[in-house]
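Residue numbers (this note's numbering), protein chains in the order written: chain A, 174 to 938; chain B, -6 to 147.
No wet-lab data here; the hints were simulated from the structure.
The beta-carbon is built from N, C-alpha and C at its ideal position, and this holds for glycine as well.
Be aware that a few hints might be false.
Claimed, not checked - Partner residues aside, some chain A positions facing chain B, computed with beta carbon under 8 Å: (1) 385; (2) 409; (3) 851.
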Amino acid sequence: MSSTISTKFSRRSFLRTSSLASGGMLIGFNFFTACKDTAKMPVDIAELNYNDFNAFIKISDEGMVTIFSPNPEIGQGVKTSMPMIIAEELDVPWENVNVVQGILDTQNYTRQVAGGSQSIRFGWDALRQTGATARQLLVNAAAARWGVDASECSAKQGVITNANGETLGYGEVVKEAALLQVPESEDSAIEEESKSENPEFKDEKTEGIAGNVTLKDPKDYTLIGTDVGNVDIDEIITGKPLFGLDYKVEGMVYASVLRPPAFGQVLESYDDTAAKAVTGVIDVIKIGEKAKALLAKDEVNWTAILAPTEKVVVIAENSWAAIKGKKALKAEWSDNSPLENTKAHDKILTDLLDGNEFQNMRKDGDVKKAFKQADKVVERTYESPFLPHNTMEPMNFFADVTDSKILLVGPVQTPADAAATVAEMLGRDEKDIRLEMTRMGGGFGRRLYGDFVYEAAEISDKIRKPVKMFSTREDDMMTGVYRPAIKYRIAASIKDGEVTGYHLKEAAVNGNMYGLIPNFFPAGAIENYQVDVAKYDSNISTGAWRAPYTNFLSYAEQSFLDELAEVMEKDPVQMRLDLLEKVKGTNDDRIQYSAERLQDVLKLAVEKSGYRTPKDGVYQGVCAYYCHNTHVAEVADVVMEGEQPVVKKITVAVDCGIVINPLGAKNQIEGGAIDGVGHSMYGDFVFENGMPTSNNYDKYRLIRMNESPIVETHFVKNTLSPTGLGEPTLPPAGAAVAIAMKKATGNRVYKQPFVSNMNSKPILG
Amino acid sequence: MPTYNLKINGSVQSIEAAEDTPLLWALRDQLDMVGTKYGCGIGQCGSCTVHVDGNAIRSCQLQISQLDGKEITTIEGLSEDGSHPVQEAWKAIDVPQCGYCQAGQIMTASAFLEKNPNPSREEIRNAMHGNICRCASYNRIENAVAMAAEKKMA
Ligand code: FES
Ligand code: FES
């Protein structure tokens, strides 16, 4: 999984220009790959072709800039921050920039996973290059008009100025600029590291000149680093249709799918008499044969999320009739594999940890020997439950399958995969499929899986009508793709006041940690270090959930380190700083985190939270964690209200390189930290006989405003390449809270959710 | 199917729908007003909040047959151009993340501020606790409600 693909591309080959028939200039570019030799630039804005280009920039005769990108928005601000990078290098006023979400042509969309927290990291170089190249083209055009050398001209805020003080607006030279050769030079090839499978990689310095196009020095940025509001804000606050569930066309029908109530069950028979009698119900059909056939054919990882069964679908004139119709359906199910229970998983995972069937993920030195020679060995086990994603907008998709084409519209993060699977499933040509992405009402990993797209397509294929397949909250929670239940057992040896050995074992349902996660801190800091994993294959579908694996691993490791410090009678901050000191200068290239950067965020969080001078009655827990390329430290403030520990505040110190849009970045950071607190405190999801015991918010507790801590954010200022923020502040939050709760109550919590260790009454809406 | 005349955002709208149709789905499917969102359907999340005679009500829990003579306001009708003080505060603070819950948050906040124009932080946190934001934009929602209150007072 952790292969590194290095590709070279020159600016000329990743960017093309054309003159628009209606006026203005069009620039088409790719993020990660060269344009195909056959790539043709459109001359009509209605014919933007995302087959050959990832995105387009239009500069009008009036100097207005429109960015067309199919990258959708799931709440991580990419629709704001990515255009900001282009606008900065192009040097235009932000008021003149407009962002339009293009329609995705699924065949050649390189970064298939849209909108993840890695988008910024991946797009950074290409976006800057594109903006700067476009600016240089405009300058070259103005220079030619004036008959002067381009080096005597400068561009700022949409205006080009020459040595005599004469000026030309961008709009005035677009015609000529579109005809010019795209600037390049001998060494114009820039190296782009793209590790598609693997989200971890090293930092790179942000600097430099590429050919005769000069990128700005970060200290000269006027837009990057300023607060820019969400580009969709007006539509959101006035209730305009933006989301998948809001999408509607003339003649569209609504579909509600009855899926097996328990994992492990398949459809035997059904009776639709009562359902068909519901006013507004048009028909009841069965789907699933096509998906089943695909399932039998392919050994792909989405098998787990496609139950190998037929499903019953109520087709109705409106959503309410579809919901009522489904309630009225009577279906018989049979077990085709054992129905599983959380209680049984508990024992299975413990047995795995006690056993010997592990896969080794990292091994330094000899932990066995270190443990034998130790003065003391500490061993603890940490447990976490399954978790549903609970995106606020439930899964849904629109499909319109006709003989000539297939239109798919909705919120999905893996559009190219989804379209390819639909093509294969329905035996159709991918060329006939068009997939449009809508704004997404949350993702958290759930929309990486395309099960709901396949269902919508299969329904429309059968009924040959435009259809909106939508899940109710109950469907969504009970037929999800869950964060797997995991247990960690960590043991460490102490000798002469030093940690000499560290052995982490993971037992998980279905999936184990992957990639470079076993090389995160404290890997590299302890001489004898080992990570082993084991898994149990379940028929319950599991998958990525915001900050996969680290969302729980961070709590286990950081709680453990805190306990080690206590046992060793060391200051927990100093102990981490000392451990990190040992990583400096490492030549182990699996270690991706920077010891310096982790030390710096830790120190910053300690300083800003007042950790050294705690207030009376405030108990503080501190931790530092690296994941998803970003270094974060958090301090949780807990107070006792009666018998209850209450989380009042989280101080977050973040090193995410250059902060493109602090306003948007802080939103991500606050949300991640509160989400981390919420799921650690309350998130619980139990299976009995293959069925989740909670199916809606009356039984599943999500954090609410009156339980939310205030989040205070501090950035480490530097000019390193930006890294993502959608995930990295979530994992440390649970750890910081657990550590603070220990101080407040005297008890350590080894199990999530923390409320299962407290007597807390759920507060519901 | 029976016909109902509902007074929504100042004008009377006529819809044909089953009598047990929740206002939420009537708005979304029959009247093409999709600003009001479905989140849970059981009155637990607040995504579907609208005003009925000035009170914040969960439209998923209200059947259209119960609304005779009532004044209904949805997010689309809160102001003509997004200039309600609560909407303006939402914009100034840049509250939304994914944005899905925000119409419901705004409707709860605006009804609350009509009744309590000068709330304490504690009162804001309690008044808003019925609205889930899965993206956890809670700090900003709280700040925006406080800002809107200040603006209204000024
Ligand atoms: S949809 Fe009405 S309260 Fe959740
Ligand atoms: S902004 Fe996403 S649910 Fe509130």
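Evaluated hints:
1. 385: Violated, because the Cβ-Cβ distance from residue 385 of chain A to chain B comes to roughly 38 Å (cut-off 8 Å).
2. 409: Hint holds; residue 409 of chain A Cβ to chain B Cβ min 4 Å, cut 8 Å.
3. 851: holds (7 Å)
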